[in-house]
Amino acid sequence: MSELGLIFDIKKYSINDGPGIRTTVFFQGCPLTCQWCHNPESQPNKPVLLYRANRCVLCGACAEVCPQHAITLNGSADTDRKSCKTCGSCAETCYNGARELSGCETSVEQVMSEVLRDTPFYEGSGGGVTFSGGEPLLQPRFLLELLCACRAHDLHTVVDTSGLATWEVIDSLRIYVDLFLFDLKMMDDKRHIEYTGVSNQLILNNLKKLAEAGSNITICIPLIPGINDDGDNLRASGEFIRSLPNITSVEIMGYHDLAAAKYEALGLAYQLKHLSAPDKSEMRRSAGLLEQVGLQVKIS
Numbered sequence: 031m032s033e034l035g036l037i038f039d040i041k042k043y044s045i046n047d048g049p050g051i052r053t054t055v056f057f058q059g060c061p062l063t064c065q066w067c068h069n070p071e072s073q074p075n076k077p078v079l080l081y082r083a084n085r086c087v088l089c090g091a092c093a094e095v096c097p098q099h100a101i102t103l104n105g106s107a108d109t110d111r112k113s114c115k116t117c118g119s120c121a122e123t124c125y126n127g128a129r130e131l132s133g134c135e136t137s138v139e140q141v142m143s144e145v146l147r148d149t150p151f152y153e154g155s156g157g158g159v160t161f162s163g164g165e166p167l168l169q170p171r172f173l174l175e176l177l178c179a180c181r182a183h184d185l186h187t188v189v190d191t192s193g194l195a196t197w198e199v200i201d202s203l204r205i206y207v208d209l210f211l212f213d214l215k216m217m218d219d220k221r222h223i224e225y226t227g228v229s230n231q232l233i234l235n236n237l238k239k240l241a242e243a244g245s246n247i248t249i250c251i252p253l254i255p256g257i258n259d260d261g262d263n264l265r266a267s268g269e270f271i272r273s274l275p276n277i278t279s280v281e282i283m284g285y286h287d288l289a290a291a292k293y294e295a296l297g298l299a300y301q302l303k304h305l306s307a308p309d310k311s312e313m314r315r316s317a318g319l320l321e322q323v324g325l326q327v328k329i330s
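Count the sequence shown with the working numbering and you get residues 31 to 330, in order.
No lab work stands behind these hints, which were simulated from the structure alone.
The structure displayed is predicted, hence computed values, not measured ones.
Cut-off 30 Å, straight-line C-alpha distance, at most; resulting in silico cross-link-like pairs (DSSO-like, lysine-lysine):
(1) Lys292 x Lys220
(2) Lys310 x Lys42
(3) Lys76 x Lys292
(4) Lys238 x Lys220
(5) Lys292 x Lys310
(6) Lys239 x Lys220
Per label pair, the in silico range of CB-to-CB distance:
(7) Cys89 x Lys112: 20 to 28 Å
(8) Val323 x Gly297: 41 to 49 Å
(9) His99 x Val323: 57 to 65 Å
(10) Ser202 x Asn276: 14 to 22 Å
(11) Leu232 x Ala290: 24 to 32 Å
Heads up, the beta-carbon is just placed ideally off N, CA and C, and yes, glycines get one too.
Hey, can you work out the whole structure from these sequences and the hints?
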């Protein structure tokens, strides 16, 4: 029997997750808690419930089917998240899409069935399959089986990763990965802990080992105003990247607040609501600091 994994979405016709037209498989679960995360529903390594009050018509169907009696109607269909077992009954019943369960157990065969439907698009565009998240390295056996299945069908593979895993996990997978999209968030360890919840030491060590092993890597830097877009961090990031063998390309991605509604749907406070997206001149300035050390920079 093939390995089962937990995913929360499969996105077709993606053009921002690697070369060509791609199918992106989003894994549930992430060891980081980045304050700017645009998929906060993916952080827990178990299914989570999203409730969008603006879609709720207060029909009461969800409360009727909840086996834990965790839903009460009081101007909105409020959920006692401590009582909720995320069984998904309310989401299945909600006809207006106010309730959604993020994370479902899926087999390799089920994922590949979706992936293989779009093979002509991959072949015509130089695309393939991207495994993202969440953090795909948190489910190494499931990821390995998917990578091997893609290799059997001659599909180009990308792993979009934070790099936070044991080196043994990364080393066991890397020969099946055509391209790593490796996030580099900030160089100062204390600030990294403050804004992501984890140290960056293992991440940086893994990136160094992966580069030395000859893997194909694109460094991805999310630019978060006032957090990691300062000159000191960008220069330190550029110097570290430049010290690595076989890496010359960097992609910088500007912060956006499009996920703010997801935090509300999860019952979480969005800590960066005071921030604005960087404009073109700010993105160009950041790119220039990285280019000064000899890196090729793409602005997304």
